[in-house]
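**Q** The hints should help you fit chain B onto chain A, whose structure is shown.
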Amino acid sequence: KQEVTQIPAALSVPEGENLVLNCSFTDSAIYNLQWFRQDPGKGLTSLLLIQSSQREQTSGRLNASLDKSSGRSTLYIAASQPGDSATYLCAVNGGNNRLAFGKGNQVVVIP
Amino acid sequence: GAGVSQSPSNKVTEKGKDVELRCDPISGHTALYWYRQSLGQGLEFLIYFQGNSAPDKSGLPSDRFSAERTGGSVSTLTIQRTQQEDSAVYLCASSSQGARTGNTIYFGEGSWLTVV
Numbered sequence: 001k002q003e004v005t006q007i008p009a010a011l012s013v014p015e016g017e018n019l020v021l022n023c024s025f026t027d028s029a030i031y032n033l034q035w036f037r038q039d040p041g042k043g044l045t046s047l048l049l050i051q052s053s054q055r056e057q058t059s060g061r062l063n064a065s066l067d068k069s070s071g072r073s074t075l076y077i078a079a080s081q082p083g084d085s086a087t088y089l090c091a092v093n094g095g096n097n098r099l100a101f102g103k104g105n106q107v108v109v110i111p
Numbered sequence: 001g002a003g004v005s006q007s008p009s010n011k012v013t014e015k016g017k018d019v020e021l022r023c024d025p026i027s028g029h030t031a032l033y034w035y036r037q038s039l040g041q042g043l044e045f046l047i048y049f050q051g052n053s054a055p056d057k058s059g060l061p062s063d064r065f066s067a068e069r070t071g072g073s074v075s076t077l078t079i080q081r082t083q084q085e086d087s088a089v090y091l092c093a094s095s096s097q098g099a100r101t102g103n104t105i106y107f108g109e110g111s112w113l114t115v116v
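Protein chains in written order, with the numbering used here: chain A, 1 to 111; chain B, 1 to 116.
Just so you know, these hints were derived from the structure itself, not from any lab.
Incorrect hints may have been included.
Not close to chain A: a few residues of chain B, all C-beta gaps over 10 Å, as computed [as the list claims (entries may be wrong)]:
{"no.": "1", "residue": "Gln-6"}
{"no.": "2", "residue": "Lys-17"}
{"no.": "3", "residue": "Gly-28"}
Ranges between beta-carbon positions, derived for each pair [claimed, not checked]:
{"no.": "4", "chain 1": "B", "residue 1": "Thr-30", "chain 2": "A", "residue 2": "Pro-111", "range": "17 to 25 Å"}
{"no.": "5", "chain 1": "A", "residue 1": "Ile-110", "chain 2": "B", "residue 2": "Asn-10", "range": "24 to 32 Å"}
{"no.": "6", "chain 1": "A", "residue 1": "Val-20", "chain 2": "B", "residue 2": "Ser-66", "range": "38 to 46 Å"}
{"no.": "7", "chain 1": "B", "residue 1": "Glu-44", "chain 2": "A", "residue 2": "Val-20", "range": "25 to 33 Å"}
{"no.": "8", "chain 1": "B", "residue 1": "Thr-78", "chain 2": "A", "residue 2": "Asn-18", "range": "29 to 37 Å"}
{"no.": "9", "chain 1": "B", "residue 1": "Gln-84", "chain 2": "A", "residue 2": "Ser-53", "range": "40 to 48 Å"}
{"no.": "10", "chain 1": "A", "residue 1": "Pro-111", "chain 2": "B", "residue 2": "Ser-96", "range": "36 to 44 Å"}
{"no.": "11", "chain 1": "B", "residue 1": "Gly-16", "chain 2": "A", "residue 2": "Ser-69", "range": "48 to 56 Å"}
{"no.": "12", "chain 1": "B", "residue 1": "Arg-22", "chain 2": "A", "residue 2": "Gly-16", "range": "38 to 46 Å"}
{"no.": "13", "chain 1": "B", "residue 1": "Asn-52", "chain 2": "A", "residue 2": "Gly-83", "range": "38 to 46 Å"}
{"no.": "14", "chain 1": "A", "residue 1": "Gly-83", "chain 2": "B", "residue 2": "Gly-42", "range": "22 to 30 Å"}
Computed from a predicted model, the values in this text were never measured in an experiment.
Just so you know, even glycine gets a beta-carbon here, dropped at the ideal spot from N, CA and C.
So that you can see chain A by itself, here it is in the shape it has in the complex (with noise of 0.2 Å):
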């Protein structure tokens, strides 16, 4: 069973520093990696999608990289603003109809 842990569960930075978030799961053979960002309250928002032959993907601040021989993968955002105060989810797609999803990073930007 893909168990998916994401580290650390909680942190606070302050505006304009750079955030790094971390995933890892256990079965190194998967289909691809989504990060999604969810606001209280609210559904979840796909962010980027890596699939399992690339490294990593970009999009604006977001830069998002794939290990998937450690089964380790990273979020960063680039000089971190308030509206990016949210909850960030890794979910693993191992091909079975299903994603795994670690309990999330929950992030404050602090003005």
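**A** Just chain B now, kept in the frame of chain A:
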């Protein structure tokens, strides 16, 4: 529609009552998923549909839970004889094909269920 639509957005029900939660996926998406998110917990897979068939029902927590999909579009998740432990956010998601194609999965805003 433009995104995955879920209704009701909030539901408070008495213990023992039945509830129905509805999901309208993105137009043209053949794959549909239901997940549950309990307070302080990660997302828990419930069921997957490809078209109208559900090849994977293994995540449904008990026989009080059932789901169907009609016309390859709208899906309904039904919880019979609700219990307090059923209180959670029920999230629906869709993608243009199944999980093995590696397509992005899009989530709705969720249905927030409270059983009192």
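**Q** Take the hints in turn and mark each one as holding or not.
**A** Results of checking the hints against the structure:
no.: 1; hint: Gln-6; in the structure: violated, 8 Å
no.: 2; hint: Lys-17; in the structure: holds, 24 Å
no.: 3; hint: Gly-28; in the structure: holds, 17 Å
no.: 4; hint: B:Thr-30 / A:Pro-111: 17 to 25 Å; in the structure: violated, 44 Å
no.: 5; hint: A:Ile-110 / B:Asn-10: 24 to 32 Å; in the structure: holds, 31 Å
no.: 6; hint: A:Val-20 / B:Ser-66: 38 to 46 Å; in the structure: holds, 42 Å
no.: 7; hint: B:Glu-44 / A:Val-20: 25 to 33 Å; in the structure: holds, 27 Å
no.: 8; hint: B:Thr-78 / A:Asn-18: 29 to 37 Å; in the structure: violated, 46 Å
no.: 9; hint: B:Gln-84 / A:Ser-53: 40 to 48 Å; in the structure: holds, 45 Å
no.: 10; hint: A:Pro-111 / B:Ser-96: 36 to 44 Å; in the structure: holds, 39 Å
no.: 11; hint: B:Gly-16 / A:Ser-69: 48 to 56 Å; in the structure: holds, 51 Å
no.: 12; hint: B:Arg-22 / A:Gly-16: 38 to 46 Å; in the structure: holds, 43 Å
no.: 13; hint: B:Asn-52 / A:Gly-83: 38 to 46 Å; in the structure: holds, 40 Å
no.: 14; hint: A:Gly-83 / B:Gly-42: 22 to 30 Å; in the structure: holds, 24 Å
Comparing the model with each earlier hint shows violations of hints 1, 4 and 8; every other hint is respected.
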